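Protein chains in written order, with our numbering: chain Z, 1 to 503; chain A, 504 to 853.
FYI, nobody ran anything at the bench for these hints, they're computed from the structure.
Each statement offered as a hint is correct.
Restricting the straight-line Cα-Cα distance to at most 25 Å, the calculated cross-link-like pairs of lysine-lysine (BS3-like) are:
#1 Z:368 x A:741
#2 A:741 x A:629
#3 A:551 x A:576
#4 A:551 x A:741
#5 A:741 x Z:160
#6 A:629 x Z:499
#7 A:741 x A:614
#8 Z:499 x A:634
Partial selection, computed: residues in chain A whose CB lies under 7 Å from chain Z:
#9 707
#10 709
#11 710
#12 745
#13 748
#14 783
#15 785
#16 786
Below, a sample of chain Z positions facing chain A; criterion: calculated Cβ distance under 8 Å:
#17 122
#18 133
#19 142
#20 149
Please read all numbers here as calculations on a predicted model, not as lab measurements.
C-beta atoms are modelled at their ideal positions from N, C-alpha and C, and glycine is treated no differently.
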Amino acid sequence: MTIGSIPLRYKVDIDPDQCMLCGRCVENCSYGVFRNDGDAIRVNSRNCVACHRCTAFCPRDAISIYEKPTDYRSHPVWTREVRENIFNQAKTGKIILAGMGNALPYPIIFDRLVLDACQVTNPSIDPLREPMELRTYLGKKPSSLSIKEVANGDVELLTKLSPNLQIETPIMIGHMSYGAISLNAQTALAKAVSRIGTFMGTGEGGLHESLYPYQKNMIVQVASGRFGVDINYLERGAAIEIKIGQGAKPGIGGHLPGEKVCADVSCTRMIPEGSDAISPAPHHDIYSIEDLKQLVRGLKEATEWKKPVFVKIAAVHNSAAIAAGIARSSADAVVIDGFRGGTGAAPRVFRDHVGIPIEAAVASVDAKLRQQGIRNKVSIIASGGIRESADVAKIICLGADAVYIGTSALVAMGCRVCGTCYRGQCAWGIATQKPELTKRLDPEIESVQVENLIHGWTLELAELMGAAGINSIESLRGNRDRLRGYMLDEGLLNVLDVKTVGA
Amino acid sequence: MCGIIGVLDKHRKSLDGAKIKEALSMMNERGSGEGAGYVAYGIYPEYKDYFALHVFFDNIRENKASLDTVLEKWGTIVHDEQIKTYEQPNIRKVHTPWRYFFRPDRSLMPKSTTPDEDIVTHLVMKVNAEKNGALIFSSGKNLGVFKAAGWPEDVADFYRIQDYKGYLWLAHNRYPTNTPGWWGGAHPFNLLNWSVVHNGEITSYGTNRRYIESYGYKCTMYTDTEVVAYLVDLLIRKHGLSEKMAVRALAPPFWEEIDRMPAKEQELNRAIRLAYGSALMNGPFAICVANENTLVGFTDRIKLRPLVSGEYGERLYISSEEAAIRRMEPDVDSITMPKAGEPVIGRVIA
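So here's chain Z without its partners, still in its complex pose:
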C-alpha cells in the first residue's frame, strides 16, 4: 500500500442540531454511507458518490455534501483527475470504467451559439395566438412530386411516399436498454412518449413484454450483439434502428456484466441468466457500407418495407462521408451521437477522448448531404449532450430534423448525474436491476415528470420559433442564418457555416 488512501471525493456532514435520527438516509443510501448508531447517525464519507438520494429525502435538511474536501497541491498539468487515474491504474492494471458522458472541460459549442429574434422589420409570432407547427416527419422524402391535374380540377398524387414517423415535437428519447436501466425506468419513459406523441428507443436489450402496450411509440434497436432480436421484436417496433456506434464510446462494443442479467433481463435479451452480455465492437456481418446496406434491406424485407430503418453512428471525424454512404442505402434516417452522449458504462479514455461534438457533426453531415443533393433521402436525428430547449433549437438550425435525449430524461426522473451507473447500485432505481432499488421508481409519477420536461421544452421551442418569426419547424431546419457564433474561432464558424455575432 505504498499509494495509501486517496483523498475523499466527497465529505458528508450531518448537522446534529437538525438531525432527528429518522433514519431515512440510512434506508435510502444504497452505497452504505450511513449507519444508525443509537443516538447518532454515523457517516462513512468514502462510500459517497454524491447521488443526493440522502439529501433529497432528509426531512430536516441536515445533510451537507462537500466535493473534494482535501486539496492536492494545485498543478495545471498534473490535475487531481490525472493523478487519481494513475493511482487507480497503478493499483489495478486495468481499463478505468466510467459512467455518464464526457467529463473533460471542452468548450461547449451550444453555449457559444446565440439565436435570433425579430424586431420591427418582421413581426414575431405569438404562439398563444397563432398556430405554431412543431410536427416533424422522420424518414425519406421524395425530392420532387409528380402530380396529375385533371380537367375537372381533381388532383392526383402519383408519387409514392416512404413510411415516415410522425412526431408532434422534435424531441424523442434515445436508446437506453432494459439492463442498463430498470424496467420501471423504461416503463416511465414509455408512458411519457406515448402520451406526448413521440418515440423512445428500446436500446439493445430487447422489448420486455410489459412494454408491448407502448410498442407503437417504440423504436427497436438492432445492435452488434443482436440481443432480443427476433421477428416478433422487429414487428412490434414503429421503426428499427441499427446501432453501429455510440457517442460515449465510439469504436467499441458494450458489456453488460452477468450479475445484471437477472431472469427477466435474460428472457428479454434471449441470453442465459447470469451470462455476460457482450456486444462486439463491429457487427460481425457488417465490415463495409455495402454490408450495412444489406442489413438495412434485410430488416426492411423482414418487415415488408412498412417500417423506417434508422442507422446510428457515433460522431467521429468522418461522420459526413459515412452519413452520405448511409443515405445511399435504403435507410430512412441517420442518428448521430455526439461525444457528450451518456452511457451506463464506458472506458474513461473513450468517454473523454474519442469522437467529436454533435454541433460540428450535424453541421458537416447536413452540408455534405446537401452538397450531394441527397439530404431528402434521410432524416438527421441528433443526440448526445442535448440539455435544454435552446440546444434543440440550435441543433435544428444546424440541420437536424429531431433530437434524442437520454441523460435529460433520466434527470427528470431523479438522476443526479453522479456517474456511477456502471455499479448497478443506483439509489434512484434507474440504472440498477436490484428489486429493492428499482421499486423506488414509480413509473406513473416519473412518467409525468418526463412528460412535463418534454412539454416544457416544446413550449419553449415554440416561443423561440415565434420570436424568430417562424411558424413551422421546417423553416428552422438548416436555417443557420438565424444563429450567430459568439467567441468561436474562424475555422469552427466555417464548419458550422454560421456568422459571428455582429455580422
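Following the hints, complete the assembly by docking chain A onto the known chain Z.
Only chain A this time, still in chain Z's reference frame:
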C-alpha cells in the same frame, strides 16, 4: 414595408408604363426613395425568340469585354446595345444598363431537356457570383426589368418607362433595410421568364437558400427575394408543378387544416409538405410572381402583409393597396382580399 403591384391583360393587349408609374407612386408611403423597379412582358417583339439579358456594368471599358467573351463561348450575341437612360436629378447613375439579345448554343448542354434555359441559368449564376463588375438582372424572352435606386417616378423617368409597351407588368417601391442604394437589390428579381416583386422579409431564408443551392442555384444578390424566383423556377419549370401547387408548397396549409381534409387531399398536402418542407417560406410576405403567361399573387400563411386584387374587363390587378389599383383603373370592380396562403392566379387566354 414596400409596395407592390402587378397587372395582367389576359388578351395580351399592351399597356404602356405611364399608368403603372403613377400607381406605384401612390404607394410612396411604403417606400423610402432608395429603390424602385418595373418589369414588362412583351416589350421586345422583334427579338422575342432570344433571351433578353439586362446587365448592370460598373464600367463599360473594364467589364464588358469579359462578359462578351463568356456569352460568345456559350452562344451567339444576336444584338446588344446600351439601354437608353435619361438623366434625373435624384438618381446617381452608378451603373451602365445594357441589353443583350442572346441565343444559347444548346449543343453545349447535351443531357438537358431544357438546354437553352439551363445555359442561361448557368450564365446568370456564374456571372453574378463572380462579381466582376457585371450583374445580369433580367434574363427572359421578350421581357425586361428596369430598376435603380430612387423613387418610383424618378426610376420610371430615368428609363422612360412610358415608352415600353407590355401586356404584363410588375412594379415595386422599396423600403430597404439590407442593401440600400444598391441597384441589384431593387426589385423585380428575375430569372429566365420568372419575375418576382416582394414585400416583407423571409425568415426562412437560410433554409430556403440552402435548399435551392443544393440544386445549383446561387444566391448572389444579398437579399431574400431572389430565392423566391429560384424556388418558383425549380418547382414549376424543373419539377413540373402547376402554379397552384407551387404556391401550395411555398405557403402550405397548416397541419390542423390538413388533418381535417378528406383522405385523398390530405395525402396530397402531406406529400407536398414532406417533399417541399425546405421550400416553405416563412415570415411576413406578399409576393407577385409572373411568367409570360401567368400572374400569381400570394401571401404568407398568416397574411402578415397586405394584398388585394381586382379585375376589370380582361385585366387582373394585384397590389399592396387598393388605392394603387384604382389609380390605374378607377372603375375596377370586384376588389377582393385573398386569404392567407391562397393564390390569386391570372392566365393569358390563348
